[in-house]
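Chemist: Chains as they are written, first to last, in our numbering: chain U, 4 to 503; chain R, 4 to 503.
Each hint should be verified, as a subset may be incorrect.
Intra- or inter-copy, both count: the list cannot distinguish identical chains.
Calculated cross-link-like contacts (lysine to any residue; reagent style SDA-like; alpha-carbon spacing at most 20 Å) [as the list claims (entries may be wrong)]:
#	residue 1	residue 2
1	K444	T421
2	K444	T419
3	K322	Y113
4	K322	Q101
5	K322	D399
6	K322	N119
7	K444	E304
8	K322	T186
9	K322	R41
10	K444	R316
11	K322	E304
These aren't lab readings, by the way, just hints derived from the structure by calculation. Note that the coordinates shown come from a computational prediction; the quantities given were computed from them, not determined experimentally.
If you want the building blocks of each chain, they are given just below.
Number of protein chains: 2
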Amino acid sequence: MTAVRPHVIPSRRRFDAIVIGSGSGGLTVAVGLGRFGRDALLIEREHMGGDCTNTGCIPSKTLLHQTAALAAGSGADPRSILAGVRAHRDALRDHEVQEFGGADGVTFVYGSGPLNSDRSVSITRGDGTVWRAAADNVVLATGSSPRRLDVPGFDDGGGDGDGNGDRVVLTNEELFELSTPPTHLAIIGAGAIGLEMALAFRRLGSAVTVVELANQVLPGVLPEAAGIVAGALVEHGIVIRTGVRVAGYRSDGGRLELAPTSPAAANNGGSIPVDSVDRVLVAVGRVPNTSGLGLVEAGVELDDRGAVVVDGRGRTSSKGVWAVGDMTNKGGTTHDAAIRGRRIIQSIVQPYLPIGDEPLRPTVTFTDPEVASIGDQPASPPADVVRITVDGAGIDRSYTDGVDRGILVVDVRPPTGTVLGATIVGPRAGEIITTFSLAMKAGIAFHRWYGTVIPYPTYSEVITKAVQQYLSEVGSDVTGHTVRWATGLLGRTRARLSRT
Amino acid sequence: MTAVRPHVIPSRRRFDAIVIGSGSGGLTVAVGLGRFGRDALLIEREHMGGDCTNTGCIPSKTLLHQTAALAAGSGADPRSILAGVRAHRDALRDHEVQEFGGADGVTFVYGSGPLNSDRSVSITRGDGTVWRAAADNVVLATGSSPRRLDVPGFDDGGGDGDGNGDRVVLTNEELFELSTPPTHLAIIGAGAIGLEMALAFRRLGSAVTVVELANQVLPGVLPEAAGIVAGALVEHGIVIRTGVRVAGYRSDGGRLELAPTSPAAANNGGSIPVDSVDRVLVAVGRVPNTSGLGLVEAGVELDDRGAVVVDGRGRTSSKGVWAVGDMTNKGGTTHDAAIRGRRIIQSIVQPYLPIGDEPLRPTVTFTDPEVASIGDQPASPPADVVRITVDGAGIDRSYTDGVDRGILVVDVRPPTGTVLGATIVGPRAGEIITTFSLAMKAGIAFHRWYGTVIPYPTYSEVITKAVQQYLSEVGSDVTGHTVRWATGLLGRTRARLSRT
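The following block holds chain U by itself, in its conformation from the complex (with noise of 0.2 Å):
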């Protein structure tokens, strides 16, 4: 817990808004009605800034910049590089407390309690005092955690939240406690989390074994695309075992058993060991914090998950409670939370506009390379649908800065040219996606991309070959006489010919 400045709940018990949880989403309602002249209730049970500031995205993305010098030959020791990683989330932390805490309009507590069906909200203080406030709009923010592993041997090492560190088997919650980069680190789950640490404490100096039960890393993800990214891994000498369900953990030498899920490579020789194992992270989901709350009694619709349902306006099935984040049935990335949090804000403040199309949800990794999506990408494309696959190896951006892997695969629907989604491999690709985010949204076909002048060299340079190689394809099917031509023109020249 870091020193805040006392926060007490004014003489005034009711509020336009009470909202539970003050990460990304929550944050955004609160201080964004606050703009608005509302008053909003902020409850945090623990620290300000939810998931991502504290256990996220701000310790994950620092770790990897810092341990991406360190690879480069910083120099740097690691036992300050993980110390630091937290000195300089304990700072910004301090820093949303500071800011967001004090903000016009809200009113800002540490505590939690539950939901009452008269959208009053019983707060229990750290004191052990209780207090009641009631509000026209309950904002439902609390966020999700980590989704833990029922594997025999993990009860002795499992970690209990209680971030001291000594746990063999961590979460995200525990990780970034650690004083000392494990010597062997098994990772359970090769989603965007377990990528990410996997490449951080490989630089660290860990050896780092990546468990995922799925057939390929960062399932959902194209397999052509999440394949470079495993290749590359692998070259950092992280060790990647797919199609794999853990099945016990020995502390007695660190033995972690991995046992295949195909029938046929299980009855060939039954359970795998991965020896030497002095920590596990597991990075297998999020479940919704969604009990304790009273949501139930409160008239307020779960799903099999135990998400919290809302619609496009972020409503649950209780009028006046809302939800946002990934403690809903939407999920939620912290942009998607924020975004999904303004558009509760639309919905308090203006509640006759339209709402609009629900938000795209690009995602990105912070690998090396990158991989950014967006849309919807079937590994197998349906039939009306033209798949435009470009090499990012083969610009020249990717020549100068000896870069030998990368992928952009781009979906459209010929003859609208709508973008249906897109997936990128390479340095960069979570700025590169912007530019797919902004024109899916305003609805650009694809067609009409052609002619954006991209700076040569850089690695946008993908865009303008898919483009080319999607005007090549189409060119008969579509009418008009730019798109027929330019295909003629633009689509059967090879990849390095142009350098715009």
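Assemble chain R onto chain U, guided by the hints.
Modeler: Just chain R now, kept in the frame of chain U:
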């Protein structure tokens, strides 16, 4: 000269097009016409690929990448880096000769010679033989050369273009032939070439002094953006002197004499010596390569700078004669020449189709931080333009990565929301500008950018901040629900509020 396959002019001496010069513009036209079933004679005086491949983008970006790794602690030997850059460049050049020299419909020859008034060209080959070929179209793409300075003392050490690397005074044509970093490199001209090479050679261990006539680096770039780059370069240990001209050089002691350009400063002490300069890089602009081509005799109009005057299609004043790239009055980077080359192809192949607006001209300087700009941004915007300035250091990715400077400046004209120009300084600015390039070309009003989901935490988040700030500033002037609503909602939130 690299090893190449022999190319001979076939027996038929009449072509659909003769293209003089094989840089970005010429290559695009010749190979593109070939793809349309036209036959093009492509003539190159020296090295395929033009300035970009041989003495520009490719070696400079390779050197920047290698020296960034050196600065990060790669431990590489500076002499090996310089030799490696040459080898890397030569390999690409060989590749281009093989790929494009043998492209469908392209006949590639080494040689040079004047244009005749009947659209024939006399080509003097390396062995002294002269060939003559004629065509329906002649495309001039001879590029430009570095402007040389007439400074007392430069004669002795002037770069003579023979690439032997023993001269004191160099241009980009000789710079990459250096086998050893200078002890003290003075760079005259603080444009893109000057600043990029200042950073690269500083990282190689040279003392570097940059000298600029104007009162800021990167003349033409917004002063506030240029100031950020200058500050960063100074922190790298580079000495920058603006508002001075070069008055002389004495090889004895390596003294470069500078004179202030302002009368007040000049009266107050006269010249400023910079001592122990063993190499001078002259990077003060380009001169179009238009002499010796018989252009005036062939009826091709030149402007005061000696550049070929062309229209939006690339037509010169002489029928059937076209020109592209930095030998024209449109100037041209690599990407600009490529896109204008395509306009020439369209005009030759499909002359009756509309050509569309002049292409936008984004530019990037690949320093650390990068500088990217697009459109027209006067130092002070007109009264009807809203200038939005976002502090790049204030976004969360800058926090995790320890980036303490950066800026985004966007000029927008309300109420239409037309984006007139943008300048970005920061990591990856060269990629982020692509979103502006696409959106400006597609004419997406800036208020329509609102709601674009930008992944957290990326550097592109500056765009979200800029849109929010714009909506705040113009809210009362713009008609339309969304803008007025969003203005109230978002505009007044502080920079760190939302995480999108």
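Chemist: For each hint, tell me whether it holds in the structure or not.
Modeler: Each hint, compared with the structure:
1. Proximity of K444 to T421 under the C-alpha cut-off of 20 Å is found in both arrangements, the shortest distances being 11 Å within a copy and 18 Å between copies.
2. In the homo-oligomer, the alpha carbons of K444 and T419 lie at most 20 Å apart both inside one protomer (15 Å) and across protomers (19 Å), since each shortest distance falls under that limit.
3. For the identical chains of this complex, K322 and Y113 are neighbours neither inside a copy (26 Å) nor across copies (79 Å), given an alpha-carbon limit of 20 Å.
4. With identical chains, the CA atoms of K322 and Q101 are never at most 20 Å apart, being 33 Å at best within one copy and 70 Å at best between copies.
5. In this assembly of identical chains, the alpha carbons of K322 and D399 never lie at most 20 Å apart, being 56 Å within a copy and 35 Å across copies at closest.
6. When the C-alpha separation of K322 and N119 is checked against a cutoff of 20 Å, the pair qualifies only within one copy, where the shortest distance is 13 Å, while the shortest distance between copies is 83 Å.
7. Proximity of K444 and E304 under a CA criterion of 20 Å is satisfied in neither setting, with 30 Å inside one chain copy and 46 Å between copies.
8. Neither within a single protomer nor between protomers do K322 and T186 lie at most 20 Å apart by alpha-carbon distance, with minima of 52 Å and 74 Å respectively.
9. In this assembly of identical chains, K322 and R41 lie within 20 Å of each other by CA distance solely inside one copy; the values are 19 Å within and 69 Å between copies.
10. In this assembly of identical chains, the alpha carbons of K444 and R316 lie at most 20 Å apart only when taken from the same copy (18 Å versus 32 Å across copies).
11. In this assembly of identical chains, K322 and E304 lie within 20 Å of each other by CA distance solely inside one copy; the values are 11 Å within and 75 Å between copies.
Violated hints, listed in ascending order, are 3, 4, 5, 7, 8; each of the other numbered hints is respected by the structure.
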